[in-house]
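Visitor: Take a look at the letters that make up each chain.
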Amino acid sequence: MTAVDKLEVVATPEVPATHPGLFHRAWALPTAKIGTVLTAVVVLVAVLGPWLGPVITGHDPTDFAGKPFKHDGIAGTDGIGRDVFTRFLAGGSTLLLYAVLATAIGIVLGAAVGMFAGYSGGRLDSVVMRGNDVLLSFPQLVFALLAIAMIGPHGWLLVTVIGVTHAPRIARVARQATVAVVGCDYIRAAEMYAVPRWRILTGEVLPNITGPLMVELGLRLTYSIGYVASLSFLGLGIQPPSADWGLMINENRIALVVQPWGVLLPVLAIAVLTVGTNLITDSLASAAAHKEAR
Amino acid sequence: MSLDVTDLRVSTVAGSPVLHGVSYSIRPGEILALVGESGSGKTTAGLAALGHFRRGLVPSGGTVTVGGTDILGLTEPERRALRGRTVAYVPQDPALSLNPSLRIGRQIAEVLPAPDADRVAEVLAEVGLPSDPAYQRRYPHQLSGGQQQRVGIAMAFACRPGVVVLDEPTTGLDVTTQALVLETIGTLAEEHQVAALYITHDLAVVAQIADRVAVMRGGRVVETGTTREVLGHPTHAYTRELLDAVPSLDGAAPAAHEGTPVLVAKDISVSYGSLDVLRSVDLTVDTGECLMLLGESGSGKTTLSQCLSGLTAHYTGSVELDGVPLAPSTRQRSAVQLRDVQYVFQSPFSSLNPRRTIAQSVEVPLTRLTTMDKARRRERVAEMLDRVRLSRALARRLPEQLSGGERQRAAIARALVTTPRVLVCDEVTSALDVSVQATVLDVINDLRRELGMAIVFVTHNIALAREVADRIAVLLDGRIAECGPVDEVLTRPSHTYTRELLANTPKL
Amino acid sequence: MARLIVRRLVVSLAVLWLVTLLVFIATLLLPGDPARAILGQQATPERIAALQHQLNLDAPVWQRYLDWLGGVFTGDLGFSTATQGSVNSLLGDRIVASLVLLVAAAVISTAVGLALGTWTAMRRGRPVDHAVSGISLVIAALPEFVIGMALIILLSTTVFRLFPSVTLTRPGAQVWSEPSQLVLPVLTLVLVVAPYITRMMRATMSEVLDSGYVEMARLKGLPERTVIVRHAFPHAIGPVAQVIALQLAWLAGGVVVVEFLFRYPGIGQALIDAVNKRDVEVVQAITLMIAAMYIVVNLLADIVGMLTNPKVAAR
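Chains as they are written, first to last, in the numbering used here: chain A, 650 to 943; chain B, 139 to 646; chain C, 95 to 409.
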């Protein structure tokens, strides 16, 4: 608030920016609409693809379809003769599923820990956040590599480790948002009626931190997609012979000059998907920040 | 140098008008008070004297003449050359307008055309602050609020400007400091023959310091004249309204109150580490009476009110309701006890859950503390909303759709819905405009009479005493300095602090 | 204030120590027996036992931890089962190679981000601002290997053929002997991180430009340049420093994928190889290095934050 503004509003609104119209306001922004369209297109391809692929091309993702790196079929063949288009259509579903699950785990864990720390305050808060800091001292990817090295590239491990490494980052945001809310008088008002603590957390705090949490959700989803795809690209995620976009990019990049589609299609798909989710996230962030400037 | 604003029109970039042709003028050595409530446009009108418009606002007509030159006709670099030198500004909140990472000496020197340490020292001395180099090297956060404000004044007067615009410079300062700052401003303006524009919403301050007054409402000047004229014989209805709403220290003594003690606090002490916030405080509140708990910031009044209501358990001593000791924390009190002692918070902007409708918020105490069924609860909520004069249509709205005054009344309704016998109100009108404050006080008074509640009214503004209280307890540094019926304390104060407060409080 | 810095340092050291524990315990859980891995299938039980003894694998866990930790301090990072040589010799050159990438990327992205962020903050709302915002939003969304791949497609193969897509360094030569092969990896890293720095700088700068004291500085009649340089900029640095540090720390992890993509001979590539070959000691060493880098950069950011906050600095 500037020195000038303070006068026109005799008391500064202290309530954090989670207005029930958050989604309405976000939707009004062009980035939200563009983002939703982009995401929806890719999600449709990912979800319907595995079923549509064989229907359109007549091949299965792991079938031998022709000579390697030739241009038969819609998008040609890959290094061991499989049809690229079919593999492309089939390559998104697992990626999407893992990303969504990992994000969900992260949000639930992170929000719970963050809210608990923020509401408790004092030493408990310090202890939890210090522990959080230790977990934060690893880049997520390196942590995942370590875990995969230990246990092997299993799907459940991918999901769990990415989810668990999201949690401390989300916990930080959740805690900060909770602390801002806990400073407000309506929380203390609830204490005047002896509302039990857990009820205060779920009934008074949580509805008022959905703004920042929604933004984190969008952000983490974008990252999850990136991490799962990156790990598959490195050969440590989804394993051959499954069709996966990240994996395909690595498999087919040797023949980039000769047969670009094996790389181009999955690159485009991942790019459009992540841009879409990021645009949606950005519109949510703008909407949350503009609560006061109506 | 004089300031003449003629038919100034300002609108938003989108075209909606904010100022509808505002005119005022100030002679050298004269102080004009620009009075209005929030949204009246007084700040916009004041900043226009500097040729400055906030983001989103543009001038759409009129002239602003300073010493013969129309500022609005100048280019931005030309206006910048005038600011600080010819026309200066004292902001409302120095905490926001002093750069926290620059030393104050430096910030004052910036205004001068050439760095001049002697001048800086001179200017600091003029506002009553130490002028030694060590003091100049301090950072803003190392100064008190009053000192920071005086630095702001020093910055403004440093170049001997012809016009100074003061934007509510004493809001947030305690009464004693306020008196000091007003005196400084008056002396400087007089000495240097400055045309001063004093923007405020506080009519009592206007009476202290201004020669002439212009009253603004909704982007228009509704009345202008000398202070004596406007405050003594107002011609416009709105001015009369404003004046009526100002709480007055004079008045008839209320009838003596008879009642039995309902809430008794004994030997309450609170300390955080080595800091003693409350020292052995005793307090009694009788049924049906309103006890004003008066104190400035740091006196411990909020802490005391929280001890009484169970919001803090960190105290020694006892609080009894009808002779029965109350547990220190609300979580250990019985439902009956919780129903009987309720609390209203200061800020209407943060005491209602923004995600709940008014009706839902007001219903919560009934759901938690009574066994009423849904229908009965709804009925009761509607009844209470009527009592606080909130239209039933507002019940289904969210807090942000209500004004500050409406929200505060909703918060009061929530506190009353269990018909408490004791209501603790913590600075409930401090965040509100004067006219809104008057409405809320009316509501509280009516409720007290109708329901026979005891009220503990916590405030820093002694002027409210006659408006709302039967007895007054003055809190100073964690101790009760004085306690007695309102009439006695106001006319025959026994403690020097009370006398000081009364002397320093501006009156109409 | 010095006391605060020392306290922060101690916390960082504590975290670093906990990380070493974590890394060590993690590698304990690795399946397989390093001795068996070294000697191969034909090894007799006696030879395995002998090698286990030689490698200290039969010592109690806490002692192995202390030995390893001691080795870290003295610079001996262990034995690589894959190359049958010391971890040090394996990583020596690679650390330098990765540092080249990281430092170059850090410097360029910070400079670009700060400049672009300030510039767009001063031109808020204008088309240029929206354009830069939109572009950074798009780039920020993409995973790094997608950015790298896109750069390869554009600049290395299909569209233009400007830069090599693979690093082909003769053994023994330094990576910078052929500067053109550094361009794409560095560019990829810069594109990964610069958008965040730009957006953060823009947001912080905008907030500062709207603040009370900047407005007051203007109302005091100060020239705009003084307002920006003396009153606005210093207040934007603190919060931005934290974000910049986070981004740079993130590079420490991001470098792994980029090196793999460009076959760049750095520690990232080494980590992937080691994970694939279950080369325990190498994985330990590299993970520790990356975590240490992360922690150090975060510590520096916090210190910068403290130094630029006058309420803390003045004590």
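There could be a bad hint or two in this list.
Unchecked claim - Listed next, the stretches of chain C that the computed footprint assigns to chain A, with coverage defined by at least 3 CB atoms under 8 Å from CB atoms of chain A: (1) 105 to 114; (2) 155 to 168; (3) 344 to 351.
What the hints assert, rightly or not - So the derived list for chain C, only partly shown, Cβ under 10 Å to chain B, looks like this: (4) Pro273; (5) Asp304; (6) Lys314; (7) Thr320; (8) Arg324.
These are calculated hints, taken from the structure and not from any lab test.
Built from N, CA and C at the ideal position, the CB exists for glycine as well.
Visitor: For every hint, state whether the structure bears it out.
Guide: Hints and how they fare:
no.	hint	result
1	105 to 114	holds (count 5)
2	155 to 168	violated (count 0)
3	344 to 351	holds (count 6)
4	Pro273	41 Å, violated
5	Asp304	8 Å, holds
6	Lys314	4 Å, holds
7	Thr320	8 Å, holds
8	Arg324	8 Å, holds
Going down the numbered hints, you'll see the structure goes against 2 and 4, while the others check out.
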